[in-house]
Every structure is written in C-alpha cells, then in structure tokens.
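With these hints in hand, go ahead and build the complete structure from the sequences.
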Amino acid sequence: MRRKQERFSAGISFVVVLVLVSAIALEQGLVSNAKWYHILWLTVPLLGLCLYTWRKKML
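When the letters of the sequence shown are read in order and numbered with the working numbering, they come out as residues 555 to 613.
Worth flagging that the hints you see were computed from the coordinates, not collected in a lab. Glycine is no exception: its CB is placed at the ideal position from the N, C-alpha and C atoms. Be careful, since some hints might not be right.
Distance ranges between label pairs, derived from CB positions [what the hints assert, rightly or not]:
hint: 1; residue 1: Val571; residue 2: Lys611; range: 17 to 27 Å
hint: 2; residue 1: Ala588; residue 2: Gln559; range: 41 to 51 Å
hint: 3; residue 1: Arg557; residue 2: Leu596; range: 33 to 43 Å
hint: 4; residue 1: Ile566; residue 2: Leu596; range: 35 to 45 Å
hint: 5; residue 1: Lys611; residue 2: Ala588; range: 35 to 45 Å
hint: 6; residue 1: Ser563; residue 2: Val598; range: 15 to 25 Å
Quick look at the structure:
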C-alpha cells in the first residue's frame, strides 16, 4: 500500500533554516558576543527575498 505523498518545497526548508540561524544569532548576540549580529546582514535580506518570491508566486 502506498502512502499519500505531498509535494514539499525546498524553499520552505530554506526559510526554516534562515529563521533558525537568525534566532541563534540574536540569542548569541544578546548573551555572549555582539559579533553574532553580523550574521543578520545575510539572513534578513535572504528571508525577505524568499518571502517576496513566495508572495509573487501566490498571486
């Protein structure tokens, strides 16, 4: 018997990884070292780009 397979976008996985990395950078920036905030210069624009392309695809 075959299970029902749903399509799972790799973009969703990428967004989840970006959110997790951003959360870790924020937490480590608050707790240990402010240099962790530099990671946000990369993750936040990538998140914005992913959300922009996702919304464009939905319309």
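(request) Note whether the CB distance of Val571 and Lys611 lies within 17 to 27 Å or breaks it. (result) 19 Å, holds
(message) Taking the Cβ atom of Arg557 and the Cβ atom of Leu596, is their distance within the range 33 to 43 Å?
(response) Holds, at about 37 Å.
(message) For the hint 35 to 45 Å, verify it against the beta carbon of Ile566 and that of Leu596.
(response) This hint is violated: roughly 19 Å between Cβ atoms.
(request) For the range 15 to 25 Å, tell me whether the beta carbons of Ser563 and Val598 fit it or not. (result) 21 Å, holds
(request) Using the Cβ atoms, figure out if Lys611 sits within 35 to 45 Å of Ala588. (result) Taking Cβ atoms as reference, Lys611 and Ala588 lie about 37 Å apart, which means the hint holds.
(request) Mind checking the hinted window 41 to 51 Å against the Cβ distance between Ala588 and Gln559? (result) 45 Å, holds
This entry does not satisfy hint 4, going by the numbered hints stated previously; all others are met.
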